[in-house]
Structure formats: C-alpha cells, structure tokens
Amino acid sequence: MRYRYYGILQIGVYLFLAMTPLLVLLTGHDVHGRGFWRELAVGLGFGGVSMMGLQFFLTGRFQGITSPYGIDVVYYFHRAISLVAFVFLLFHPSILLLSAPATFGLLNPLSAPGWMTAGTIALFVFALIVGSSLFRLKLGLGYEQWRLLHGFAAVTAVALALWHMIGVNYYLQGYVKRGLWIALAITWVMALLYVRLVKPLLMRSKPYTVESVTKERGKSWTLVLRPEGHGGMEFKPGQFAWLTIDRSPFSIREHPFSFSSSAMHPERLAFTIKELGDFTATIGSVTPGTRTYVDGPYGSFIPDRHTFSGYVFIAGGVGITPIMSILRTFADRHDLRPLILFYAGRQMEELTFREELDRLQERLKLRVVHVINCPPAGWTGEQGYIDAEMMGRYLPEGRMAYEYFVCGPIPMQQGAREALEKLGVPPEQVQSESFNFV
Amino acid sequence: MREKYSVHLALATGCLVFLFTLLFALLQSPEILSTSVQGGVAIPHPIAGRHKCDHCHGRAGIRPYPVRHVGWNNASCTKCHLSPDSVMALPHANFSGNQAKSVPEKGAGRFSASLAKGGGPAAGKKAPLISHPVKGQEDCLACHDTKNEIKPAPPDHEGRQNETCEGCHSRGGM
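Top to bottom, those sequences are chains A and B. Residue numbering for the first sequence follows the working numbering, beginning at 1 and increasing consecutively. Residue numbering for the second sequence follows the working numbering, beginning at 1001 and increasing consecutively.
In case anyone wonders, no lab produced these hints; they're calculated from the structure. We put the CB at the ideal spot given by N, CA and C, even for glycine. Some clues are possibly wrong.
Sample of chain A residues lacking proximity to chain B, with all beta carbon distances greater than 10 Å (derived) [as the list claims (entries may be wrong)]:
1) TYR14
2) GLY43
3) ARG61
4) GLY131
5) GLN145
6) PHE152
7) VAL155
8) GLU234
9) ARG247
10) GLU267
11) PRO409
12) MET412
13) SER434
Cut-off 16 Å, straight-line C-alpha distance, at most; resulting in silico cross-link-like pairs (EDC-like, lysine to aspartate or glutamate) [as the list claims (entries may be wrong)]:
14) B:LYS1004 <-> A:GLU428
15) B:LYS1135 <-> B:GLU1149
16) A:LYS215 <-> A:GLU428
17) B:LYS1004 <-> A:GLU355
18) B:LYS1079 <-> B:ASP1054
19) A:LYS274 <-> A:ASP332
Just need the whole structure built from these sequences, with the hints factored in.
Set out below in structure tokens:
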C-alpha cells in the first residue's frame, strides 16, 4: 500500500513538473494571446519540450523513481510518453502552418532566422530519436550504437528547442521566465550527467572481480563476483543489476542481469546468463579475475514487498534466474512457507538448476512442477504449455492468499497471466518483470 | 500487462497535459470565451472599405486597442466588435448600450466625438491643424493621399478615408 501511494504521488509530481513551466508563461503583464490556434500550437510546443525534458529523469535509473513500479514499467512509460510528447511537438508547427500558411516561409533555412531553423532541426532530431528507438533492430543498430545516438541526440534536440523558444522571444521575454527554462534544461542535462558521469565514478570506487565462471544447463553461465575492497552490494531476492564486464565503468556497454545468488550473501554476487544476444553469446569466455562493475540493485520483482502465506513461481527458460535467487534466499532464511514452482522448458536436459532445485525441495516447503515442451519417451510429468487447468491441479484451495511471480519469455508471461486470471487470482497479486528495455 | 498499464498511464498523462495546454490556449484567447458571453466595444463607424483596422487602432494608431489585442489580426476584430452595418437592424438602445457591454474606454458612441474627448494619434502627439479652408475642398485625398505628390499624408495613413481626417486634424480656425 505504501508503494501504491508513493507511486500516485510520483505521477502527481510528474504532472506538476510537466505543466508548471507552461503555467509560469502566463505570469507577468506582457503576455498577450495571439489567437486560439496559435496559442494552442505554442502551448503544445512548450508542453512537448517539457515532457521530453523529463525523460532524462525517467531513464536516469533513480531508485526513488523506479521502486514503486519496477524499472520496466518506468521504461515502458518513458517510451509511451515520448511518443505522446513527440505528437505534441509535431502538432506545434502543423497547427501554426495550417492557421497561418504565410509562415511556411519560415521553414526555409536560407531565409529563416537561426532560432527558427534550430526549431526545425530540433523536431527532426526528436523524430530521429523516436524512429531509431522504435526501429532499432530493423535499422540494424547495435545496442551500444543506439544508446550513444540516443544520449547525444536527446541533448542536441533539447538544446536546439531551447534556442528556438528563446529566439522566438515572446513568452520567454524577461530574465525570470527565460532563466526558469534554462534552469530546467540544465536540470535535465544534469540528470543525464549523473547517469553517465557521477554513477560510473561511484561504481569505479566499488569494483568487483570475477571469481568463477560455471557452465549451467540450457546454454547458461553463472558468473560469481567478489567485491574488491568493499562489502559488496545489498540487494533483495529477485532484483537485477547492470554489469560492465572488462570495461571502464564509463563504457556504454553494460547489460542488465538478474541476481541468481542468495540475498543473504551480499559479499558474493552470482548472475546466471543465457547465451542469447551478441554480447551474451561470448559470456562463457569471460575469465576469472576479470574486473567488473555493478550498477544496482534494481527491480520490483521481489517477495519482500508484501507478506503472503505462500508463493507460486512460474518460470520459463532463463527466467528461473531471479526465482532461484528468491528460493536460495528463502532457504538461507529458513522460510518454510509453502512454495510451488512451475518450471517450463523445451527439454528436461535444458532446465537450468535442475539438480539444485531437487535439493532445495528438501530444505524448503517447495514443490517443483516441470513442464516439458518436448518430453522424452516415458515422461509421466506435465507437458505442453502452462495453462489454468494444469496450475489448478497443483494450487491449494487457499491460492488467493498466495503471491505469484512470473518470469520468462513475453508470450509465456502473457499466457501465465491469462491462466491466473481464469483461476481468479487478482492481477495485483501477480508480479512480473521484463528486460525488454529497447 | 505491465507494458499495457504503462501505455495507459502515459496516454492518461498526455491527455491531462493536453487539457492543460488547451486551458492555456483558451486563457490566452479571451475573444473565444467572450463572443458568446459579451461583445466587445461596438464599432462606431461604417467599416465598408476599411479592413485594415490596425491603421487606426494599432498600438501606434490614432485610437489604439488595448495591449491584450497585440498580435491579433484584422480579421479577428469583427468577431467581437459589432459594426453599425451589422447592428442597423437592432434597436438603437442595443447598439449603444446593451450590446456594448464591455466598454473599457470612454465613449463608445460617435467616432468624432470620442476623438474630441482625448482620442488622436499616438499618445502625447497632436495631429497638425488644417492650414487651409475646407469648404469646397472636402476631398482631402485629392491632395493628401499618401501617394500624392502635392502634400502626401504620412505612409501610416494609407487606406484612410476622407471622413476620418477631421477626427484628428482640426480646422485651425479657418
């Protein structure tokens, strides 16, 4: 409940921050309207830039912003609200041009004043940011290239937009209003600098060394990290962190991975990573002794936020990783609340941590249900996909008093959520998190 | 599910910011709100052939409009200000009184009368007196049209008609 109120408060703060710069424009004695359509267009321009500026905070991985919802929700919101802000910015010149066609001449950079051309270029740069994010894979942009482009383009677009607003010299006449918008822009860029400079500096003072690299079932590898000269990192079971392996902490090549180790051991961090993308395909070649930097912990996929009488976990493939961290932590805590794990995989041989899960059943009040897509001959267990009927066979009557955690490929998550809905589980008792940030 | 929730939240936020922007635009466009509630000052002279209102009513004109009208174009004037042409069918009382509800300046009545009460060129300036007899020479533009070579009026008088001249220029005792 505390997180819910905090989340609502944050939405209120966001709206306040998005609208106040617009409201401030109305103060003073020298602001006169110039017709409804023109003012609407101008308002959309200011509102759009204001919302775009706030994106720097949304993507800054500030714990206070991400904790009520989970970082994936903040990133999804960032994507969606960027599109909304871009539509605002697109309507700004469109309405102006339609209501006063004579202003078409201002689009000609050869005859238009510099501030006008700055506004036109800013719009194109915003379009570049949105387009490159929506179609990154189709454009063949690598994650690092895209991230670099995204950061530089965002700063450029905001700077050009500010030049345009000041150059128009209508609403931003006077030192107070102009100063306010410049201060806002500086705050936005400072949020970016915090992520790109301050955070790496802090990470640099707390390095880790790869202690071991162990091959697991299902084309996965477990990296165990030991802190160098510090106490490690406190985290909650189910959370994740961004790892920068064998590179400077200022490098943009960092990737999010879930902790797979027990949260009771902050001095020994383990991450289990599946060979999937271009970076993770080489994860097995990391050698012990490699210096690594850890930015975290993040995520709201944690059982410690609410107290329930039992937990149900639904994992698919490498989605077992954060759940493994939760189970190992529960084992270390001697937590004997009832636990059920539905663990889906293509083949029995591919199920990561299969043997350890068997052992954990002896230490915990845990029941593991393997669901195999391509079962071997003579398989008597569950097969196919996890659905409501299958879960209903294993869930106790008091299932409403349980919290549910779903982690795995997106289609599996959707299927599991639908199945739980059929079983009457309230959506707020179902937790999931996705790493599909771009 | 979480993505859907985030998208809904973003759309709701965008709608609220848009509504706020709409409010901003309405606050800055009182002419939209005022037309349905009350009219502006009634226009006390015919407007046929006079479409460049800002010649006389611009901030530097002989009878400047309020500062809040700066930036509005000539086509907007008659959205709020009724001309005699459009109110001829109305009872006289409506034109001079009820219809002209917001009368910020003195005298919304006859044009020349209002000028005599303090109207004129830009603040602090006084129009030159007419230095010749007017009788028989009522067609001022014959000599004083802005493009005339005899004694042209200043360029900002372009478009003004004969009947407005004496609004500012007195006969100088002749």
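Taking the hints in turn, this is what the structure says about them:
Residue-level check failed: TYR14 (chain A) sits 7 Å from the nearest beta carbon of chain B, not beyond 10 Å. Annotated as non-interface, GLY43 (chain A) brings its C-beta within 10 Å of a C-beta of chain B; the closest such distance is 4 Å. The Cβ of ARG61 (chain A) sits about 16 Å from the closest Cβ of chain B, beyond the 10 Å cut-off, so the non-interface label holds. Consistency note on GLY131 (chain A): stated as away from chain B, and its beta-carbon is indeed over 10 Å from all of that chain's, at 18 Å minimum.
The beta carbon of GLN145 (chain A) sits about 24 Å from the closest Cβ of chain B, which is more than 10 Å, so the claim that it is off the interface holds. For PHE152 (chain A), the non-interface assignment is confirmed: its Cβ lies about 24 Å from the closest Cβ of chain B, beyond the 10 Å cut-off. For VAL155 (chain A), the shortest C-beta to C-beta distance to chain B comes to about 22 Å, beyond the 10 Å cut-off, and the non-interface label holds. Once the 10 Å rule is applied to beta carbons, GLU234 (chain A) is consistent with being away from chain B; the minimum gap is 25 Å.
The non-interface label for ARG247 (chain A) is consistent with chain B: the shortest C-beta to C-beta separation is roughly 30 Å, beyond 10 Å. Against chain B, the non-interface label of GLU267 (chain A) holds: every CB pair exceeds 10 Å, the least being about 32 Å. Listed as a non-interface residue, PRO409 (chain A) keeps its Cβ farther than 10 Å from every Cβ of chain B; the least gap is roughly 14 Å. Every beta carbon of chain B lies more than 10 Å from that of MET412 (chain A), the smallest distance being close to 13 Å; the non-interface claim holds.
At the 10 Å boundary, the C-beta of SER434 (chain A) falls inside the reach of chain B, the nearest C-beta of that chain being 7 Å off. The straight-line distance between the Cα atoms of LYS1004 (chain B) and GLU428 (chain A) is roughly 14 Å, inside the 16 Å bound, and the hint therefore holds. Our distance criterion of 16 Å between C-alpha atoms is broken by LYS1135 (chain B) and GLU1149 (chain B), whose separation comes to about 22 Å. At most 16 Å may separate the alpha-carbon atoms for a hinted pair to count; LYS215 (chain A) and GLU428 (chain A) exceed this at roughly 36 Å.
A C-alpha spacing of about 37 Å is found between LYS1004 (chain B) and GLU355 (chain A), which places the hinted pair above 16 Å, so the restraint is violated. As the CA atoms of LYS1079 (chain B) and ASP1054 (chain B) are separated by approximately 15 Å, the hinted pair is consistent with the 16 Å bound. Our distance criterion of 16 Å between C-alpha atoms is broken by LYS274 (chain A) and ASP332 (chain A), whose separation comes to about 25 Å.
Checked against the numbered hints given earlier, this structure breaks hints 1, 2, 13, 15, 16, 17, 19; the rest are met.
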